[in-house]
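J.: Sequence:
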Amino acid sequence: MPARAALAFALTQFVAAGTAADLPSFIVILTDDQGYADLGIQGHPYIRTPHLDRMAAEGIRFTDFYAQPFCGPARAALMTGTYPPRNSLMFNHIPRARTGIHPNEITIAELLRDRGYATAMVGKWHLGDAPEFLPTRNGFDSYYGLPYSNDMWPYHPKIVRTPDEDERMRHTRERTGYTGYAQSEETYPTDWFPPLPLLENEKVIETNPRQEDITAEYADRAIEFVRSNRERPFFLYVAHSMPHVPLFRSRAFRDRSLRGLYGDVIEEIDHHTGRILDTLDELGLDGRTLVIFTSDNGPWAGYGIDAGSAGLLRGSKGTVFEGGIRVPAIMRWPGRIPAGLVTSEVASIMDIYPTLAGLSGGEPPRDRTIDGRDLQPLWADPERATGHDALYFFEGGYRYRAEDGPPENNPLLRAVRSGEWKLHLKTEQDGEDGSAKVVPAELYHLHWDPSETRDVAAKHPDVVDRLTKQSRSFLAGLRTDVRPLGRLAD
1 MPARAALAFA
11 LTQFVAAGTA
21 ADLPSFIVIL
31 TDDQGYADLG
41 IQGHPYIRTP
51 HLDRMAAEGI
61 RFTDFYAQPF
71 CGPARAALMT
81 GTYPPRNSLM
91 FNHIPRARTG
101 IHPNEITIAE
111 LLRDRGYATA
121 MVGKWHLGDA
131 PEFLPTRNGF
141 DSYYGLPYSN
151 DMWPYHPKIV
161 RTPDEDERMR
171 HTRERTGYTG
181 YAQSEETYPT
191 DWFPPLPLLE
201 NEKVIETNPR
211 QEDITAEYAD
221 RAIEFVRSNR
231 ERPFFLYVAH
241 SMPHVPLFRS
251 RAFRDRSLRG
261 LYGDVIEEID
271 HHTGRILDTL
281 DELGLDGRTL
291 VIFTSDNGPW
301 AGYGIDAGSA
311 GLLRGSKGTV
321 FEGGIRVPAI
331 MRWPGRIPAG
341 LVTSEVASIM
351 DIYPTLAGLS
361 GGEPPRDRTI
371 DGRDLQPLWA
381 DPERATGHDA
391 LYFFEGGYRY
401 RAEDGPPENN
411 PLLRAVRSGE
421 WKLHLKTEQD
431 GEDGSAKVVP
441 AELYHLHWDP
451 SETRDVAAKH
461 PDVVDRLTKQ
471 SRSFLAGLRT
481 DVRPLGRLAD
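Note that the numbering used here has the sequence shown beginning at 1, numbered continuously upward.
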């Protein structure tokens, strides 16, 4: 079914919700590689985040909120409400990719725009950088930002050394050497990454921009959009490029934090989040605007002191241990979400999609699988509401060049979270036909052992058996329900 026809079909399922002016507005703020513990409200001793702490005090904080192990898959889950393998976006794109989000996907921006919402995105996209895949082709009226990660530029530390390197390249090598960066033997040729493009809609307006200014510029654009659309419902997606390395902060935040450069970056994000909240208050929009703050995955531990912290959680970005996939999450909506709520129900970045769909007066499209679930009961009836019965986590990776070919349609299921239990899985060949199946590896009781240090599989074989069977059943169903990846025509 063509994308427009599919969207029209989906919209026929919506419930009447009054005029567009009665609908709530939404702001989703997503950070990049921010660790679970990198907020004051999450217990960090040296990073001060008074505005995000205020958000938590005035809304609901999730202790068990999950994203994905990598940047691109997390953004795919947010935009579509599904597990990334289901829409074939379980990997990170890099520049000049010939693939991206499929045009038949119905993003949350498309869904809301057709409900009468003004839509805008500011920041990092990472679902394909060709014009066919950009935000403006996926439901956003406007876009300002970087189409992929801020380290995908000519000053990456893995770029092969050359004589007479410029100042930025020398600075990169000096910084990564100082921080304890875990350098591998792999190197990239000098032309591996093109100049980093800053886009206005689909036009490159600058290359290799001053990243010291980018967090403030994103906030300025976000506030301008809110002011311009105060009279109508809007959806604003602010996807910060920080604190993904390389780290940059403005002069005003230099040496502000006891946590050094990384702390400066987080405190600047907190400051500009406060500016957005203050703008809502100034314009009288607080009571009709849901603001969501979260991260795409855990900290990138390989970058040493320039990486964040997962606190007592084991692992980091790229792993399915808790430190790689459990992230901070706060939602604030004065008058609708009771102040000071804390929930330990299991929730996911995929849940944002059906939650916003429901709050806009309708529901997600019915012609496709949506894996997320509406979060409203968790604040409307917190004593009785429950989160996901099970969440599944997959191995991710990178898709480099067109000549690498299409990604294999082989979702690598690596863990399942169900209640207090977390079962890690591995894949083994099963029989002469070469088929593979998931088998149990390690079991952890997360309520007692959130650091995943004590494997209790031998003591709870019934739990291992139940979750293994549940995982195999889910994976079998997923393999028959995978949507295609978007591809450029040859």
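Bear in mind the hints are in silico, worked out from the structure with no lab data behind them.
There could be a bad hint or two in this list.
[Unchecked claim] Keeping only pairs whose Cα atoms sit at most 35 Å apart, straight-line, the calculated DSBU-like set for lysine-lysine is:
1. K426 / K469
2. K459 / K426
3. K469 / K459
4. K459 / K437
[What the hints assert, rightly or not] So the derived label-pair ranges between C-beta atoms look like this:
5. A380 / G177: 48 to 56 Å
6. A182 / A436: 45 to 53 Å
7. A390 / P45: 49 to 57 Å
8. T453 / T207: 42 to 50 Å
All figures in this text were calculated on a predicted structure; none of them were measured in a lab.
For each residue, glycine too, the CB sits at the ideal point set by N, CA and C.
J.: If a hint holds in the structure, say so; if it doesn't, say that too.
T.: Each hint, compared with the structure:
1. Of the supplied pair hints, the one linking K426 and K469 holds, its CA atoms being roughly 14 Å apart against a limit of 35 Å.
2. Straight-line distance between C-alpha atoms of K459 and K426 comes to about 19 Å, which keeps the hinted pair within the 35 Å bound.
3. Simply put, K469 and K459 have alpha-carbon atoms about 18 Å apart, close enough for the 35 Å limit, and the pair holds.
4. Our distance criterion of 35 Å between C-alpha atoms is met by K459 and K437, whose separation comes to about 23 Å.
5. Under the hint 48 to 56 Å, the C-beta atoms of A380 and G177, about 52 Å apart, fit the expected range.
6. The hint said 45 to 53 Å for the Cβ distance between A182 and A436, and at roughly 30 Å that hint is violated.
7. Between A390 and P45, the C-beta spacing of about 34 Å breaks the proposed range 49 to 57 Å.
8. Hint check: T453 to T207, Cβ distance near 46 Å, so the stated range 42 to 50 Å holds.
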